[in-house]
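Peer 1: Throw the hints in and build the complete structure from the sequences for me.
Spelled out, the chains give:
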Amino acid sequence: MAIVHLQADHRRFTGGEEVLEVDGATIGAVIAELERRFPGLGPRLTEGASVAIDGELLPRGSIYEKVGPTTDIHFIAPITGG
Amino acid sequence: MTDTEARPTYKYVGTRPIRHDGLDKVTGKARFAADLNMTGQLRAAITRSPHAHARIVSIDTSAAEAMPGVKAVVTGADFPEIDIADAIHDEAVNNIARDEVLYNGHAVAAVAATTLAQARAAAAAVKVEYEELPAILSIDEAIADGAPLANPTTRTLFTGDTEPSNFASIGQFERGDVEAGFAAADVIVEREFTTVPVHQGYIEPHACVADCGQDGKASIWASSQGHFAVRSKTAAILGWSTDRIKVTPAEIGGGFGGKTTIYLEPIAVRLSQKAGRPVKLAMTREEVLRATGPAPASKISLKIGATNDGELTTLAGTMYYSNGSTKGFSALTGAMSVASYKFPNLELHAIGTVDNTPKSAAYRAPSAPQAAFAVETLVDEIAQQLGMDPIELRLRNAVVEGDPTAMGMPHPKIGFIETLEAIKSSDHYNSPVPEGAGRGFATGFWFNIGEQSSATVNLNEDGTATVITGSPDIGGSRASMALMAAEELGLDVHRITPIVADTESVGFTDITEGSRATFATGMAVVNACRELIEKMKERAAVIRGVDVDQVAWIGGAAVIEGPASEGNEPLTIADITAQAKMTGGPLTATASLNAAGAGPSFAAHLADVKVDEETGQVTILRYTTAQDAGTAIHPAYVEGQMQGGSAQGIGWALNEEYIFDASGEMENASFLDYRMPVASDLPMIETIIVEVPNPSHPYGVRGVGETGIVPPIPTLANAIAAATGVRMTDLPMSPPNVLKKINEK
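Chains as they are written, first to last, in this note's numbering: chain A, 81 to 162; chain B, 87 to 831.
Simulated from the structure, these hints should not be mistaken for laboratory data. Note that the Cβ used here is the ideal one computed from N, Cα and C, for glycine as well. Any given hint could turn out to be false.
Derived list of chain A stretches under chain B, where covered just means 3 residues or more per stretch with a C-beta under 8 Å from a C-beta of chain B [as the list claims (entries may be wrong)]: (1) 106-116; (2) 128-142; (3) 154-160.
Peer 2: Structural data, given as structure tokens:
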């Protein structure tokens, strides 16, 4: 199961849990599983989050990116640039 | 000077050829959007709101339409209504107001006429009846209990809230135990910092030419950081499909983030459609300052704790950022940019606000300079209180690969320590501080991004090449693309022509932002070249009558290896392209990608300043910047980015500010009154390129365009503190503001 790290303002959906083990073969599947377990969290992660896996920042919207059983996933606020 | 980690030796990468677009730029031949003229072209002008916040009761365009030369008039009613949940809503409303004007300068109507003078006269004759509404002009006003709404369509981002609010976004970042961290700290410093809006100050005002044909399609020539985004946004605002719009990128006279958004193109297209003629629409400098996005104002309360031996243990605070008239996530980005030190205990609240000033826009490392002002000032103060060298304190606490950023994500391979070491060993740092001067030091961080890019490489009949990308060149990226292609192909860089093609001539490419062009588009160029090399090996095998696995690509030529090599001279690119027709036709390759793994960049700045204690005038005597570029593809342009970012940061620090009157009208909307630094204000900015290659890029590139603007504000604040003993916490650090602080000492 992938290891998901949530930033503080997402933890209100998980009862304060910051690190979670989540089933899912892709980022999208992980988000769907998080929404199933914590209703309301999914849209927060798809609408406005950037995603990093194993410390590498992914392009925005990378819902089909594959994740493995030991993948570290960080959902963070959106990053753009100037 | 370059401080380089061991890496392969390159023939072209790392050299400094004259940029391919240089001659056109210096001879005035380069064509910017406002230089374009078409047969039958009309000129357009915009009617703008004189109020910071008002309801539009009615618009009467009849007098304007009757004026000489007028061919078309448009208002918000000429554009489709867009749902407030739609991603394009805010930008559409910012292009032209619908029910309310949201800031002084907001576009209300536009006129196309035979001459510019006629268009301006008619724009002034558009009669708008307003009902004035309370205007919110600051962060404090926006967050006050019972504050009226600045924009009734704004919802707080990413919360699911459906009620209108003056809060654009609310976020929180935590790790460790802040309370325990401060309890265990030996030294605690705490201050509040404020910054005001500043403009990107690009020399070229926004401009475009639009030509709408009778087939319902439009061609646009525009100055932007991303012409594919101009296409998609214009289409969305007009309610069109993207295939109805072709955008050709003009040369761009600076963007710095401010041209990642659009202001004019949908209006110009609609005017052209109504008039049946091409329409040129160009802003004046006053319009640029009144109606395009500045960097946000901020108000940051921050507290940092440390132990006596110099461990930074705890950081806590609240960061307010104004987004201007619409929602945005500038505060979240500001908090996330707190990424340079380990801080085992951290708690940051990030709150974005909405008010009735122009909608803010990206500006080089958006939101990071404001946050760095607070963090780096307090870190400097801790070093001062502990009697530690400011660089040693930072070395003691600097993040390395695997350490977390404020949002928890671990850093990938980074070169912060190397950057600090580079400036520590610089001539500047090891020279005495001039008598009567103060020395300041600070650092900066920026994420950088990847995203989507496309490139096509065509080999011409004579063995020259054309590299075609979709990334507008805002900082010398064409030269970088040519250098990477030269390195891959083994072809002289001046036999390569890099161009930026229109939206119908190259694959989709995201905006040039986030310092992504040389990183992501560069990778697309590299991939296309590698595909071309495989094709050339196949052609060489045909020409020599050998299997392709006997052909190697060495030094820009196909070399036959093994037993068949005897008597078979290497085939150059020109040898192969000369026979392209006989071996399968033209040689071309295209690559597209969605790049991950952008390498973050760190910078460290050092400044010596003198402060005139009678006038408050700050004079910079010496300024040095070190920055990790990963690999500098074209070192001269990397240095240019470092110097440009420094110069803009210096202006932000010392002089620049939007000055609004009580009604929300900008009082200094010209370069005469909006004081940007000029060459005579600055010393030569010395540069040290640090090269810690990014493992996610074939040549190790990290973006370099943004980080350089992050450290100057705290660098100069710390230098002023060293020179005067006064801690500056409010921008700008202009003579009257510095003098006031000195007098309060």
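Peer 1: In terms of beta carbon proximity below 8 Å, does the region 154-160 of chain A have 3 or more residues touching chain B?
Peer 2: That given contact holds, which follows from 6 residues of the region 154-160 of chain A lying within Cβ reach (below 8 Å) of chain B.
Peer 1: Check whether three or more residues of the region 128-142 of chain A sit with their beta carbon closer than 8 Å to a beta carbon of chain B.
Peer 2: holds (count 10)
Peer 1: So is the region 106-116 of chain A in contact with chain B by the C-beta rule, three or more residues under 8 Å, or is the coverage claim wrong?
Peer 2: violated (count 0)
This entry does not satisfy hint 1, going by the numbered hints stated previously; all others are met.
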